[in-house]
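Keeping their order, the protein sequence lines are chains R and W.
For the first sequence, the working numbering begins at 4 and goes up steadily by one.
For the second sequence, the working numbering begins at 12 and goes up steadily by one.
Since the hints were derived computationally from the structure, they do not count as laboratory data.
Possibly wrong hints are sitting among the right ones.
One-sided and incomplete, this derived list gives chain R residues near chain W with beta-carbon spacing under 8 Å [claimed, not checked]:
{"no.": "1", "residue": "I33"}
{"no.": "2", "residue": "R146"}
{"no.": "3", "residue": "M149"}
{"no.": "4", "residue": "P151"}
{"no.": "5", "residue": "D153"}
{"no.": "6", "residue": "G178"}
{"no.": "7", "residue": "N190"}
{"no.": "8", "residue": "L191"}
{"no.": "9", "residue": "P204"}
{"no.": "10", "residue": "D205"}
{"no.": "11", "residue": "I214"}
{"no.": "12", "residue": "L217"}
{"no.": "13", "residue": "E218"}
{"no.": "14", "residue": "I222"}
{"no.": "15", "residue": "E342"}
With a cut-off of at most 20 Å between alpha-carbon atoms, the simulated EDC-like pairs for lysine to aspartate or glutamate come out as follows [to be verified]:
{"no.": "16", "chain 1": "W", "residue 1": "K214", "chain 2": "W", "residue 2": "E189"}
{"no.": "17", "chain 1": "R", "residue 1": "K193", "chain 2": "W", "residue 2": "D186"}
{"no.": "18", "chain 1": "W", "residue 1": "K33", "chain 2": "R", "residue 2": "D153"}
{"no.": "19", "chain 1": "R", "residue 1": "K82", "chain 2": "W", "residue 2": "E23"}
{"no.": "20", "chain 1": "R", "residue 1": "K193", "chain 2": "W", "residue 2": "E171"}
{"no.": "21", "chain 1": "R", "residue 1": "K156", "chain 2": "W", "residue 2": "D186"}
{"no.": "22", "chain 1": "R", "residue 1": "K82", "chain 2": "W", "residue 2": "D30"}
{"no.": "23", "chain 1": "R", "residue 1": "K360", "chain 2": "R", "residue 2": "D35"}
{"no.": "24", "chain 1": "R", "residue 1": "K226", "chain 2": "W", "residue 2": "E23"}
{"no.": "25", "chain 1": "R", "residue 1": "K69", "chain 2": "R", "residue 2": "D88"}
{"no.": "26", "chain 1": "R", "residue 1": "K226", "chain 2": "W", "residue 2": "D30"}
{"no.": "27", "chain 1": "W", "residue 1": "K205", "chain 2": "W", "residue 2": "D122"}
{"no.": "28", "chain 1": "W", "residue 1": "K33", "chain 2": "R", "residue 2": "D224"}
{"no.": "29", "chain 1": "W", "residue 1": "K33", "chain 2": "R", "residue 2": "D35"}
Restraint-style ranges between C-beta atoms, simulated for each label pair [claimed, not checked]:
{"no.": "30", "chain 1": "W", "residue 1": "A194", "chain 2": "R", "residue 2": "V21", "range": "57 to 63 Å"}
{"no.": "31", "chain 1": "W", "residue 1": "E23", "chain 2": "R", "residue 2": "G208", "range": "27 to 33 Å"}
{"no.": "32", "chain 1": "W", "residue 1": "F228", "chain 2": "R", "residue 2": "V391", "range": "37 to 43 Å"}
{"no.": "33", "chain 1": "W", "residue 1": "K18", "chain 2": "R", "residue 2": "G439", "range": "53 to 59 Å"}
{"no.": "34", "chain 1": "W", "residue 1": "K179", "chain 2": "R", "residue 2": "S14", "range": "55 to 61 Å"}
{"no.": "35", "chain 1": "R", "residue 1": "E395", "chain 2": "W", "residue 2": "S36", "range": "55 to 61 Å"}
Predicted model only: the values in this text are computed from it and were never measured.
From the three backbone atoms N, C-alpha and C, an ideal C-beta is built for every residue, glycine too.
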Amino acid sequence: MTMKEPGLIESATFSRDVIHEIQRAAETGIYDIRGFGAKRKVPHFDDLLFLGASMSRYPLEGYREKCGTDVVLGTRFAKNPIKLDIPVTIAGMSFGALSANAKEALGRGANMVGTSTTTGDGGMTPEERRTSKTLVYQYLPSRYGMNPDDLRKADAIEMVLGQGAKPGGGGMLLGQKITDRVAQMRNLPKGIDQRSACRHPDWTGPDDLAIKILELREITDWKVPIYIKVGATRTYYDVKLAVKSGADVIVVDGMQGGTAATQDVFIEHVGIPTMAAIPQAVRALQEMGMHRKVQLIVSGGIRSGADVAKAMALGADAVAIGTAALVALGCNHPKWDEEYRKIGSASGFYDDYHEGKCPAGISTQNEELAARLNPEEGGRRLANYLRVLTLEAQTLARACGKSHLHNLEPEDLVALNVEAAAMAGVPLAGTDWIPGKGY
Amino acid sequence: MEFDLKKQTVREVNQALHDLPKDQSAEVVVGGISGDHNLAVGMDHPVKITLNGHAGYYCAGMNKSAEIIINGNAGQGVAENMMSGKVHVKGNASQSAAATAHGGLLVVDGDAAARCGISMKGVNIVVKGSVGHMSAFMGQSGCLVVCGDAGEALGDSLYEAHLYIKGKVASLGADCVEKEMRAEHLEELSALLKEAGCDDDPKSFKRYGSARQLYTFKVDNASAY
Ligand SMILES: Cc1cc2nc3c(=O)[nH]c(=O)nc-3n(C[C@H](O)[C@H](O)[C@H](O)COP(=O)(O)O)c2cc1C
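The task is simple: from the sequences and hints, build the whole structure.
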């Protein structure tokens, strides 16, 4: 990057990034497609702080007094709810977007710490079923690879209505990532762009969805939980309708949520921040008497144990991670910097998941590149990272005197700025003021 | 084996069907049906099931191996995501018939509504009457045979599915074009007509398929996306 010299004033409106994008658009005539989530700064969990125990609250002894982390998902209708040891799950990411080795590494890492993984657009691979002890099967509009045998092998089913990165948008897997195997799983010719529809082909609206969910329950003899995943937009209404449609679990994915390939304009300009969506979801559940009965999983920009604890304090039962899990496997690692530069990026900036050239062997179908990721080693790294998230969340919960992560509550939080206070519905630090609450 | 939905619930009937041995043929008749949803879904058995009455949504959904006959009309998404086997609707079918189905044969004696064969992935569909708008939308593979007319935007954003229409086509969707009917197509079509019990002359049909112009993004096509 060129250093700024005195007297050279960069426009806030026409910044160098903006100028670069206008020039790129003028040259290519096509919008920018990329992976990763929103890169702009939006109010997030960093804008919240915990109020540790003091005179009026009792803390728990770190390392001595227990702070539970387990979670049960799908207690509403399913015969076999999902029992996880930690409340951090691996979000749906497709084989196709990710290499088979990456999918296997996710499964291995999740198993080591007792959590679940999720399939993605394109169906379930035998490898991921074999390597994931608890596997959630996504039911997407494209229905690529949708197969009743796999449905019956799943530990839970996730009906995907949308993603935080692109609420209201379908998917895209560009031709360069369509190998023989990917093409065969999706029943399409090799090498062509694969569009995933943005609407389900055989239902519209919540009344139809209720019947659709019953169909999935009938096929699986009411054994497994059914999740509904929505991108965060009109979250209060979506959650109410999802509960009414019969969901066991609701997944709300905020605008920072990652994607494998979406238009940049979509990623950056549609949806609401994760932090803003949680209180809406929780209010909807509480009004229906369903909070903690229909479990809430939150995703979109979860990076640390602090994020996990804050999401849970706002009322989530669990969180899901996508981008952070890929980073734990080695995505954007400095050791590949030279190679990132060869393809016009740099470590720490790489987001061209759709191109299939990932030097770390994660978002690729190129066998040579994919072989760079050892699934066992990747699994260990992911397990380490998930353990750190859990330990960090426990540290914060104990400081607030909580013997289980689920006992964290909004009362434990304050906000650093007015925006965060209004979105999260917690007081501005040092005051009793919650914007919009009238006191 | 007989069931009566006036006396039993859909859950009880489906569970009994799922509990049938997977390696034996059997004949099952279900009566007392009045628009019940999700009948005979998720079958994975080489059995013949006759449903007497009008079925609700998703009847025979995700069928594998079974032969399912509906003596009446079928609601939305009949035989959706079917993998194999045969589903025969003696009346009309509502929208999204055989949506995303990967295999097997769906026969509709009457008409099928909008989006018949939407996102079809290998299924064969024979409709003796007409089909509604947006039929075979994003159809990936398999055949849609229509002995009557097709509604607007037939085959929009089509991939490799084969469409054979005897009557009028109100309009073709983006990237769907009429194609030459060659010997192999006549053969494919005759076999399907025969299997569905139609005596229409294959030569009286026209074939439609993908122009393959939208397969990879081209700026010049921007208005079609
Ligand atoms: C490479 C990649 C592929 C993805 N594929 C899918 C998918 O197939 N289906 C889906 O519902 N979400 C998909 N997502 C979104 C994730 O499930 C999840 O919502 C998101 O990554 C969470 O945000 P985070 O990345 O900030 O943790 C994908 C995300 C990434 C990064």
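Checked hints:
1. I33: holds (6 Å)
2. R146: Holds - the Cβ of R146 (chain R) comes within 8 Å of chain W, reaching about 4 Å at its closest.
3. M149: holds (6 Å)
4. P151: holds (4 Å)
5. D153: violated (11 Å)
6. G178: At 5 Å from the nearest chain W Cβ, G178 (chain R) passes the 8 Å test, so the hint holds.
7. N190: holds (4 Å)
8. L191: L191 (chain R) check passes; min Cβ-Cβ to chain W is 6 Å, inside 8 Å.
9. P204: holds (4 Å)
10. D205: Interface hint status for D205 (chain R): holds (4 Å vs cutoff 8 Å).
11. I214: holds (5 Å)
12. L217: holds (6 Å)
13. E218: Because about 4 Å separates E218 (chain R) from the closest Cβ in chain W, which is inside the 8 Å limit, the hint holds.
14. I222: For I222 (chain R), the interface hint holds, since the closest Cβ of chain W sits about 3 Å away, which is under 8 Å.
15. E342: violated (26 Å)
16. W:K214 to W:E189: Measuring from Cα to Cα gives roughly 15 Å; hence the hint holds.
17. R:K193 to W:D186: Judged against 20 Å, a Cα distance of about 18 Å means the pair holds.
18. W:K33 to R:D153: holds (17 Å)
19. R:K82 to W:E23: Holds, at about 16 Å.
20. R:K193 to W:E171: holds (12 Å)
21. R:K156 to W:D186: Violated, because 38 Å separates the two Cα atoms, which is more than 20 Å.
22. R:K82 to W:D30: The hint holds at about 17 Å.
23. R:K360 to R:D35: holds (17 Å)
24. R:K226 to W:E23: Distance ~15 Å between K226 (chain R) and E23 (chain W) Cα, so the pair holds.
25. R:K69 to R:D88: holds (14 Å)
26. R:K226 to W:D30: Between K226 (chain R) and D30 (chain W) the Cα gap is close to 14 Å, so the pair holds against 20 Å.
27. W:K205 to W:D122: holds (19 Å)
28. W:K33 to R:D224: holds (16 Å)
29. W:K33 to R:D35: violated (51 Å)
30. W:A194 to R:V21: 57 to 63 Å: Once the Cβ atoms are compared, 58 Å apart, the range 57 to 63 Å for V21 (chain R) and A194 (chain W) holds.
31. W:E23 to R:G208: 27 to 33 Å: holds (29 Å)
32. W:F228 to R:V391: 37 to 43 Å: Given range 37 to 43 Å: holds, Cβ gap about 41 Å.
33. W:K18 to R:G439: 53 to 59 Å: With Cβ atoms ~55 Å apart, the hint holds.
34. W:K179 to R:S14: 55 to 61 Å: holds (59 Å)
35. R:E395 to W:S36: 55 to 61 Å: Given range 55 to 61 Å: holds, Cβ gap about 59 Å.
When each numbered hint is compared with the structure, violations occur for hints 5, 15, 21, 29.
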